[in-house]
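In the working numbering, the protein residues as written are 36 to 427.
Fair warning: there could be bad hints in the mix.
[As the list claims (entries may be wrong)] Heads up, simulated DSSO-like pairs for lysine-lysine below, C-alpha to C-alpha not over 27 Å straight-line: (1) 251 to 342; (2) 342 to 307; (3) 338 to 260; (4) 119 to 426; (5) 307 to 426; (6) 307 to 338; (7) 260 to 307; (8) 426 to 338.
Worth flagging that the hints you see were computed from the coordinates, not collected in a lab.
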Amino acid sequence: MKVNQWTLGLAAVGLVTMPGLVVAEEASQHLLTALSSTTISGFVDTSANWNLGSGNANTPAIPMNGAGKQDGFNLNYVQLTIQKPLDAQDNWAAGYRVDLGYGDDLTTFGTVTGTSGIKQAYVALRAPVGNGIDFKMGVFDTIIGYETFERVNNPHYTHSYGWGIEPTSHTGLLASYQLTELVGVSAGVANSTTPVINNRTHLGTGLGVGHAESYKTYLGSLTIKAPESWGFIAGSSLYAGVINGVGTAAAATASQNYYVGTTLNTPWAGVKVGAAYDYAGNNGFAGIAGTHANTIAGYVSIKATEKLTFLERVEHYKDSTDRTGTTTAGRPSRIVALTSTLQYDLWANVISRLEVRWDHQADGNGRAFGGGANGADRRNALLVAANVIYKF
Numbered sequence: 036m037k038v039n040q041w042t043l044g045l046a047a048v049g050l051v052t053m054p055g056l057v058v059a060e061e062a063s064q065h066l067l068t069a070l071s072s073t074t075i076s077g078f079v080d081t082s083a084n085w086n087l088g089s090g091n092a093n094t095p096a097i098p099m100n101g102a103g104k105q106d107g108f109n110l111n112y113v114q115l116t117i118q119k120p121l122d123a124q125d126n127w128a129a130g131y132r133v134d135l136g137y138g139d140d141l142t143t144f145g146t147v148t149g150t151s152g153i154k155q156a157y158v159a160l161r162a163p164v165g166n167g168i169d170f171k172m173g174v175f176d177t178i179i180g181y182e183t184f185e186r187v188n189n190p191h192y193t194h195s196y197g198w199g200i201e202p203t204s205h206t207g208l209l210a211s212y213q214l215t216e217l218v219g220v221s222a223g224v225a226n227s228t229t230p231v232i233n234n235r236t237h238l239g240t241g242l243g244v245g246h247a248e249s250y251k252t253y254l255g256s257l258t259i260k261a262p263e264s265w266g267f268i269a270g271s272s273l274y275a276g277v278i279n280g281v282g283t284a285a286a287a288t289a290s291q292n293y294y295v296g297t298t299l300n301t302p303w304a305g306v307k308v309g310a311a312y313d314y315a316g317n318n319g320f321a322g323i324a325g326t327h328a329n330t331i332a333g334y335v336s337i338k339a340t341e342k343l344t345f346l347e348r349v350e351h352y353k354d355s356t357d358r359t360g361t362t363t364a365g366r367p368s369r370i371v372a373l374t375s376t377l378q379y380d381l382w383a384n385v386i387s388r389l390e391v392r393w394d395h396q397a398d399g400n401g402r403a404f405g406g407g408a409n410g411a412d413r414r415n416a417l418l419v420a421a422n423v424i425y426k427f
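From just these sequences and the hints, can you work out the full model?
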């Protein structure tokens, strides 16, 4: 330990003790070492929405874009991420990640009941088994889906209906393993399909409420990438995942989520296409029919210049029991949606988007959108939105 002359003088007259200084300095060095590889990042997500036509009490069931965000300016979400990623060169690497959020969108995500708190927090570990197994233990984002909760990582401002029928988060343990350079798998076990942190499915009161303490939710996924020898398809990816479990103690039967998605490169530089299929359902119980919903979506991304990108999404949504809340209760609901987004990166670290979205009620069950005091009066909803996100 290096000690300066001033400290030596204090020690000589008994004002400080050398062992105490050694402990203090060692603790300080340990803290600095632990923090040296910790990073802090995040983003601020804002928007302005305009719904064409007067009376917008009945809006499409677009996730995180309800009536409260229409025809005005919005602070959507603020996230601060503190993490230590796993060291790629360390066979026994350890790290962590904590996502702290604020905004109305966090309520929809569901890990907390309010507008501020923890979105994600887990310990990351690696064990030198085979090619190395990476673990997450704690609260982590769901393993399925083409889109993510954070708009900063999505091609569009508004979310798809597919994202709306997927779980968002789990409290549990997830293991990931690269079988080869091109093939990866993950498997996990969680408390439930519900995002509430530390949620349990065996707690509850009343006859028949609650599952066995051993009842858990199970997750699995497979990722395949195209090899370099496949020409322009090289680097494209195929992803499939499944989640099976229940959300609450009162849920009588398990629900299932199935997902398949792909992102493909094309012969044209800067042009990519994607597709996603989502299914969510349960088997019903006690003579009550099960429910289900499914979506098919297609994506196109055209990078016209270094700063300018055009993005398109077309989606078909269908469910068995009005899961969107846009038609008469109990009747099937079918919606077609088209989203066009222009993204222009004018400022450094800023994502700026202009988006037009059209939602069409395609099931013929009355009129689902628009209206106010006199009720819904339209089968079509048109949204124009500006989205500005600063990343740090």
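Quick rundown of the hints versus the structure:
no.	hint	verdict
1	251 to 342	violated, 46 Å
2	342 to 307	holds, 16 Å
3	338 to 260	holds, 22 Å
4	119 to 426	holds, 18 Å
5	307 to 426	holds, 24 Å
6	307 to 338	holds, 9 Å
7	260 to 307	holds, 15 Å
8	426 to 338	holds, 20 Å
Consistency with the previously given hints fails for number 1 only.
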